[in-house]
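*Asks:* In case you want the letters, here they are:
There are 4 protein chains.
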Amino acid sequence: MDIGIIGLGKMGRNMARRLIQGSHRVVGLDSSDEVTRQAAAEFGLDPVFSFTDLAAALPAPRAVWTMVPAGEPTEMVIRELSAVLQPGDLIVDGGNTYYKDDIRRAEMLQTSGIHHVDVGTSGGVWGLTEGYSLMAGGDAEDVEKVRPILESLAPAPDQGWGRVGPHGAGHFVKMVHNGIEYGLMQAYAEGFEILHAKKDFDLDVEKIARIWQTGSVVRSWLLDLIARALESDPDLESIRGWVADSGEGRWTVFESIDLDVPAPVITLSLQQRFSSRQEESYAAKLLAAMRNQFGGHAVKTKE
Amino acid sequence: MDIGIIGLGKMGRNMARRLIQGSHRVVGLDSSDEVTRQAAAEFGLDPVFSFTDLAAALPAPRAVWTMVPAGEPTEMVIRELSAVLQPGDLIVDGGNTYYKDDIRRAEMLQTSGIHHVDVGTSGGVWGLTEGYSLMAGGDAEDVEKVRPILESLAPAPDQGWGRVGPHGAGHFVKMVHNGIEYGLMQAYAEGFEILHAKKDFDLDVEKIARIWQTGSVVRSWLLDLIARALESDPDLESIRGWVADSGEGRWTVFESIDLDVPAPVITLSLQQRFSSRQEESYAAKLLAAMRNQFGGHAVKTKE
Amino acid sequence: MDIGIIGLGKMGRNMARRLIQGSHRVVGLDSSDEVTRQAAAEFGLDPVFSFTDLAAALPAPRAVWTMVPAGEPTEMVIRELSAVLQPGDLIVDGGNTYYKDDIRRAEMLQTSGIHHVDVGTSGGVWGLTEGYSLMAGGDAEDVEKVRPILESLAPAPDQGWGRVGPHGAGHFVKMVHNGIEYGLMQAYAEGFEILHAKKDFDLDVEKIARIWQTGSVVRSWLLDLIARALESDPDLESIRGWVADSGEGRWTVFESIDLDVPAPVITLSLQQRFSSRQEESYAAKLLAAMRNQFGGHAVKTKE
Amino acid sequence: MDIGIIGLGKMGRNMARRLIQGSHRVVGLDSSDEVTRQAAAEFGLDPVFSFTDLAAALPAPRAVWTMVPAGEPTEMVIRELSAVLQPGDLIVDGGNTYYKDDIRRAEMLQTSGIHHVDVGTSGGVWGLTEGYSLMAGGDAEDVEKVRPILESLAPAPDQGWGRVGPHGAGHFVKMVHNGIEYGLMQAYAEGFEILHAKKDFDLDVEKIARIWQTGSVVRSWLLDLIARALESDPDLESIRGWVADSGEGRWTVFESIDLDVPAPVITLSLQQRFSSRQEESYAAKLLAAMRNQFGGHAVKTKE
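Chains as they are written, first to last, in the working numbering: chain Y, 209 to 511; chain F, 209 to 511; chain D, 209 to 511; chain B, 209 to 511.
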């Protein structure tokens with residue numbers, strides 16, 4: 209089918225490519241004309257350079273997939289789209305939007321007769337070859353309209369995607385997915401640090417990861433990635449322990465608190481990332497200062 | 209090859225069966241003669257009813273795999289074996305032994321010329337059909353001696369098993385494996401509780417688990433099990449939230465502390481299991497009592 | 209000086225009483241006329257029964273202290289006040305308002321020339337006799353205007369109160385105060401549970417609390433309360449471990465995440481309260497179900 | 209009364225001094241003769257330079273207080289003492305001994321008729337002037353024998369000390385005391401870091417600590433120390449966030465796990481100290497490596 213894609217960054221570009229491989233016609237728009245032109249040259253995307261041209265290049269009722277950063281960029285794209293689209297057209301937000309924004313936007317667009325579907329998208333750089341996991345929220349009929357697209361993006365037509373609920377539910381489920389991901393990653397990271405710290409056994413962490421990949425209770429895709437990551441540099445000497453976080457982990461924690469659900473592991477995983485990014489911890493300094501006060505314990509001072 | 213197996217419980221019995229399917233001759237001994245007889249009848253295990261008979265039934269140098277509960281039961285079996293085995297024979301401990309016990313026992317057995325290999329074994333009830341993940345600790349030559357056994361138990365001859373280090377290393381790695389497992393399980397559990405608690409979306413948690421099984425970052429074997437568990441009873445109404453723990457999670461926490469490794473997620477996962485088993489929390493009562501003291505907040509009393 | 213107090217609940221009533229003991233004239237208004245009348249009868253508060261009367265009963269420039277629940281009730285009171293007050297008058301919000309609401313309201317009131325000070329108030333039911341800890345946010349001149357009031361409410365004229373920053377800072381500091389309080393309480397609660405669980409020592413937890421009250425590193429006012437709470441019922445048999453939380457703990461966690469500050473102990477303390485209020489944990493059920501799936505471990509079913 | 213003190217370090221020396229101020233005769237022995245001589249010169253301690261001389265210098269039945277590091281040093285001192293003491297004599301271990309060692313030693317000494325009391329001692333460098341908090345374990349008659357000593361060391365004869373249970377109970381209670389202390393310290397540290405991180409309010413953290421010292425729910429001795437610590441250097445710029453831990457925090461966590469008591473806050477507080485001492489976190493590196501693998505997120509490499 210025909211689909212427009214807005215945003216040809218790391219994710220959007222690969223999704224466009226996978227869709228073209230799946231015999232769809234993809235009309236692409238990016239904030240950088242250069243990026244759009246490259247995609248056109250490389251894998252046959254139909255390039256456009258304005259929202260008006262995008263609308264003109266698609267047959268009505270149109271389907272447009274936005275794949276731009278959450279927050280202001282997505283807000284702006286949807287505002288622009290609402291100006292050029294017509295009643296009956298459909299916007300699919302495949303980015304990492306906060307689910308409450310979806311609900312608000314779907315309501316707002318409804319007043320212009322424009323439909324909205326939110327699709328939480330997982331898969332990272334591997335999606336191009338392995339397919340994406342897609343969690344859709346919105347009206348069932350609207351999800352049906354883009355079924356050919358979802359079937360092509362997914363690992364298999366009948367696997368790895370589905371409508372999970374009303375407006376916002378797609379991104380809500382994706383948000384929790386990422387919260388879980390944080391917890392899983394932290395669990396592996398702690399375990400491998402213990403293995404690595406047990407110097408007297410001189411353990412080969414890469415080999416252990418490989419052993420666990422088949423048959424063990426902890427086998428998973430993340431473990432497969434760990435095995436790859438440890439391949440060349442088991443001591444991870446070349447990289448720094450500085451860990452970013454995107455919004456979804458935070459939102460998951462906020463949501464857990466709003467719902468009165470204890471989620472200690474997901475929360476701790478987020479907080480460990482904060483710690484990883486601190487050059488210095490004021491809390492730790494204060495602890496050292498307290499110990500000095502009550503026990504006369506020497507503090508380490510800076511030279 | 210010929211191998212003796214001691215302990216024909218849930219795990220040992222399936223392993224014996226898998227080995228016989230792999231064309232090995234398995235001599236089996238269990239503390240219950242009835243259990244031994246059943247195994248013999250069901251899948252062709254060679255039954256013996258005493259340690260002496262076990263030793264007699266195996267050609268020297270012998271290999272005996274013990275698969276009994278950690279601690280006292282394993283201690284006793286190894287003591288009995290050391291009395292009937294001869295120099296050059298090999299004991300493989302496939303149970304969940306604490307790795308420091310392995311080191312001690314290997315040293316003790318060495319004085320009688322008996323060899324010892326510790327094999328951490330993962331796979332649960334699925335091992336019979338899917339194979340076991342096997343982490344071996346001990347001398348490389350001793351591990352080689354049971355290579356045919358390990359290749360048959362593993363998911364594939366060249367996958368899912370390996371020697372990871374000296375005496376104790378096998379169970380050490382298995383212990384950390386279980387610590388990670390606790391963290392992974394808790395991460396999923398928290399995420400699914402958040403999904404389940406979001407009543408206004410009325411999410412189908414089983415369907416979500418199914419979607420995530422392919423293409424998502426959180427796909428794993430544990431997730432496959434979750435999908436199965438939620439199949440018939442997505443609200444988990446029929447079961448109680450009472451979660452046991454075996455020793456490995458505790459040992460992993462102890463070890464992390466001995467190694468000065470922060471392992472908050474693994475630790476919290478263990479502690480959440482403690483909480484799940486408390487009818488009443490004295491800590492929570494004291495919190496309620498404190499709030500009553502300073503704020504005059506009513507406490508809930510028991511009728 | 210003259211001051212109006214709106215809200216004569218547990219906190220407001222005691223504060224009014226303390227101010228009258230401090231020779232101030234307090235004009236009081238409550239949503240329940242009955243409550244107002246009682247306060248007038250009991251300790252000489254000047255009763256009024258409408259916002260208009262309140263404004264009329266106070267000399268300009270007026271100072272009015274609101275002591276009503278955060279959120280909608282405080283919002284409404286401030287809206288009503290803004291209709292009857294005049295330029296130069298001052299509203300002091302002594303409740304548990306979210307600090308961002310203070311900032312918004314202070315700006316809004318400014319357009320009418322009405323001043324706003326937010327005062328985080330700690331002290332609970334003990335404030336009447338021991339004095340309140342008061343953290344004020346707003347313009348320094350405005351805080352000065354109510355200095356006589358703050359000096360009377362505080363434990364001593366020069367102790368336990370102060371201006372801590374601009375609009376919102378008072379409630380921000382109080383919010384963090386409560387976050388710390390959650391952590392302190394949980395630390396004591398865990399420690400006392402360990403003491404209580406060590407059955408073979410048969411420890412007298414009340415006596416231990418008493419010993420720690422003088423000389424120990426953990427002596428504190430909360431510990432004094434614990435000693436009192438354990439006095440009559442060291443096993444806390446009569447009360448349930450159901451622990452409420454007000455908004456400040458949650459807000460502190462939200463804030464820590466917004467600021468990228470790891471605050472695991474404060475967060476865990478909040479989450480333990482969630483746990484205390486759950487009849488059943490879906491997470492724990494799912495853990496039990498997973499263990500059943502991979503290990504064949506029996507789950508506890510409900511009869 | 210007459211008492212011997214072994215170990216004249218930071219703690220033992222101050223305790224000896226306080227006892228002499230309390231009109232006791234203190235016979236002192238230290239591994240450094242120089243230290244013993246200094247104490248004799250400075251505050252009238254009766255110096256001895258061998259265990260034999262110590263025994264000779266005290267009237268039977270003797271009371272000897274050991275104040276040396278836990279573990280090997282205390283073990284050695286008790287072994288030496290058991291060689292020179294006589295039936296009916298009493299050893300008081302005032303150090304930070306693991307409570308299981310107390311139980312073992314008390315039993316061992318009993319075979320020689322020597323009595324043993326374990327006294328958990330809190331108070332740090334402030335004990336000299338403010339008195340020590342003392343938790344005694346052992347037979348009630350033995351504790352009575354050193355009542356004059358305990359009354360002099362405590363903040364007041366009838367406050368801050370007591371017998372809490374049988375052999376080991378004193379150090380057990382002190383151990384939990386320290387676990388609580390870790391949690392309290394971490395709660396304050398997190399709160400103050402949040403205050404410090406809220407740059408737009410430009411909060412004066414020392415002033416806030418001072419305000420909280422009277423009337424607030426979080427007032428405590430530790431808060432008094434925080435106020436002092438922040439006095440000269442509110443940004444704590446001069447010190448490093450490197451936080452040591454002594455054994456008691458770890459033992460408390462071990463004990464909580466042995467008792468199946470969830471103690472997340474105490475545990476996290478310990479683990480935060482581990483983190484404070486890590487130059488680099490292998491776990492964090494692995495997280496960064498995983499993110500790079502699945503999302504193509506750039507890792508920070510070392511130059």
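It is worth saying that the hints were derived from the structure and are not from the lab.
Given the structure is predicted, the values throughout are model-derived calculations rather than measurements.
One should not assume that every hint holds.
It does not matter which identical chain is meant; a pair holds if it fits inside one copy or across any two.
[Said to hold, decoys possible] Only pairs whose alpha carbons sit at most 27 Å apart, straight line, appear in this in silico DSSO-like list of lysine-lysine:
#1 LYS218 x LYS353
#2 LYS218 x LYS407
#3 LYS508 x LYS353
#4 LYS308 x LYS218
#5 LYS308 x LYS508
#6 LYS308 x LYS353
*Asks:* Is the C-alpha distance from LYS218 to LYS353 at most 27 Å within one copy, between copies, in both cases, or in neither?
*Replies:* Classified as within; 25 Å inside a copy, 50 Å across copies.
*Asks:* For the identical chains here, do LYS308 and LYS508 meet the 27 Å Cα criterion within one copy, between copies, both, or neither?
*Replies:* Answer is neither; intra-copy 47 Å and inter-copy 33 Å both fail.
*Asks:* How would you label the pair LYS218, LYS407 (within, between, both, or neither) given a Cα cut-off of 27 Å?
*Replies:* neither (39 Å within a copy, 34 Å between copies)
*Asks:* Reference check for the pair LYS308 and LYS218, CA-CA at most 27 Å: within, between, both, or neither?
*Replies:* within (25 Å within a copy, 37 Å between copies)
*Asks:* When no copy is named, should LYS508 and LYS353 be tagged within, between, both, or neither for a Cα gap of at most 27 Å?
*Replies:* neither (64 Å within a copy, 42 Å between copies)
*Asks:* Is it within, between, both or neither when you check LYS308 against LYS353 at 27 Å Cα-Cα?
*Replies:* within (23 Å within a copy, 43 Å between copies)
Violated hints, in rising order: 2, 3 and 5; the structure is consistent with all others.
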